[in-house]
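Colleague: Here is what each chain is made of, one letter per residue.
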Amino acid sequence: MSTAPSTEAPGTPAPTATAVAPRRSGGGGGLGRYIVVRFLLIIPTIFILVTTVFVVMRATGDPITAALGGRLTPDQLQQRIHEAGYDRPILVQYVEYLGDLLHGDFGTTLSDNRPVTEVLTTFGTATLELAVYALIVAFLVGIPFGLLAASRRDRLPDAVLRVFAILCYATPVFFAGLLLKLVFSVSLGWFPVAGRASTGTEIELQTLDNPSGFYLIDAFRTGDPDAVGDVLMHAVLPAVALGLLTAGVFLRLVRTNVIGTLSTGYVTAARSRGVREGRLLRKHAWRPALIPIITVIGLQVALLLSGAVLTETTFEWKGLGFQLAHYLQARDFVAVQGIVVLIAVVVALTNFVVDVIAALIDPRVRY
Amino acid sequence: MSDTTLAPALPPRPSLWSRLPVVSHLRQSVGLQRFMLVAGLVITGIFLVVAVLAPVLAPYGYSQLRTETAAFGAQQAPSGDHWLGTTVGGYDVLSRVIWGAQTAALVIVVAIVASIFLGILIGLVSGYFGGWIDRVLVVVCDAIYAFPSLLLAILAAIVISGGKSSLWGGILAAALSITVVFIPQYFRVIRAEVVRIKTEAYIDAARVIGSPHRRIMVRHVLRNSTRTLPLIVTLNASEAILTLAGLGFLGFGIEPTAAAEWGYDLNKAIADVSSGIWWTALFPGLAIVLAVLGITLVGESLNDLADPRLRSRRASKQVAGDVASTSVAVQGNVVVDVTDPGAPVADPVRDVDEREGRA
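Line by line, the protein sequences are chains A and B. Under my numbering, the residue at position 309 of the first sequence is numbered 375, and the numbers go up by one with no gaps. Under my numbering, the residue at position 203 of the second sequence is numbered 221, and the numbers go up by one with no gaps.
Chain A on its own, in the form it takes in the complex (with noise of 0.2 Å):
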């Protein structure tokens, strides 16, 4: 999966102008027209977000002042302009990244010297790992809790929820993490503190041909039931942090929703024929009512990528928002602009995703 971002960034520049026609023409039409319109919408989104990347951190100055300033005299730092073609005119390099790009080369970082693809790949599994295990928690908090608060509304377990989700809401995942560790980890020594797996498993998975990159998947290939329990054991802090920050939005759009399609007419209808209050919830309310929540899903992948960033740094979690912090630090902004644009590409994909998935429920969404 993760590297499949680096293969659609290719079609980022070139059919902005295209992308404009299908839209202006997009009135009506079936299933595969609104995916073909949609798809072609995120290219101009692709583009623009590459470009403003691009401008900003070129607006600083050239990468190489940025990392290696203090440490080269004036004429070395010259001459390493120079050999990296920093010194060229902006528009000249602009056109460069953009074909370096086309071609899946998102260049070299300046701090460690490695192929920013390489980079990417190695750590974007470890970042897709936790991603998915946080919407796995956020997911059991979220949908059943916001069905009791909304099947209570008003009542006790309603505020008691409520203000939990705005709780969850309110502790930034980094402090929600160093919560977790000092209590489960360090006080009652339950779960390890940090890292994704202890050292002898990470050697034992490294044993492996043609390794995933997810942990999980590969502890179980080894077959090594110890290996499978030191991979979720590790998980579990970093997965609770950063899914009980989802979990809180989840729960107040699950009550919202569900609310909401209580006071529908066909609810009021089913309720007058005596259908009790549980199976109305059960059977009525509750399946409309998350059509809205898959919507929000991909602006919540915008919202758990920036968390992502916050609870590796947390865990030692070794993705991708562990390495940022580490080349944001060392100011490389050659890797911080790959990871950068390789985030962009995932949440605008992601998008497309959900948004052709809320189409194939509802047919109403689509234009």
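These aren't lab readings, by the way, just hints derived from the structure by calculation. Mixed in with the good hints, there may be bad ones.
Said to hold, decoys possible - Distance windows between CB atoms, simulated: (1) R153(B) to G151(A): 33 to 39 Å; (2) I357(A) to F135(B): 32 to 38 Å; (3) V236(B) to L298(A): 48 to 54 Å.
The beta carbon of each residue, even a glycine, is placed where N, CA and C say it ideally should be.
Model the placement of chain B on the given structure of chain A, informed by the hints.
Modeller: Leaving out everything else, chain B in the frame of chain A:
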């Protein structure tokens, strides 16, 4: 509330005080919602008081390392001299928590003023004139809106300050980084309202009598398109605190010698936590949670009160979920009040007000 407001024709205009956003919401709220709103207002009030009075309240300066006689010492547990202990850098935790409120408040104010001003300006011009500029701005703002806000703030921080700076430099850099994140939100809201309002008959009328564009935009369009702003401002204020803390946590904050910043202190506390030192992480973190909680409670309440589906009526406890208002809402309330003698007497004026959207 006088009985004259019951008159069907032109009720007297309520006083300016009772029309102010938060005040009118407070009067409109009942039960749990009123409790949440009041709790939020109290917490937010304490936060603001602490922010303003930080120099008086804090026992030491935010960058003070020693008294006249001796150094504080690093990582000291809470004691009589240092109620909340000292940090790994040897600062007093309580003082930095209190001073941090001031930094956070300053950042919120600067960020929100700047983003309201720019967002409204762009949204108004874009929505009012339309055309290709409008289309380009919409696409750009949508692209930015979908982007992880923290990363955007990081990019902005790199541009504005190169990462680190002094008190005002740092506050401005952090605030403007957050502004970049918020502008698309104000843009979207204001533009949507402007597009809706500009088709109204009174705009055409103003144009017919020859009002200049600027007058129509400010007097007729802008003044009618700001009703959702209090809600966004409160939600953004809490988001600003979180973004500031996130920036500080990633090392893009304000230097400890320039100002106290909660996120920076939490970053320095990561290593402490592993060795069981809890006070350096707990208190700055709690400060963030409380500040965000207070402001979010206010914002949430405003949101619920603005949405008729979510607004608790005095009656709704009895018929949970059924908020479909009938044309005879006054009667409906009376019926329910009969079933529950303990409930406060229904207030017909309030219901009329609500249905007419005069909240």
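Colleague: When the hints from earlier in the document are held up against this structure, which numbers fail?
Modeller: Hint 3 contradicted; others consistent.
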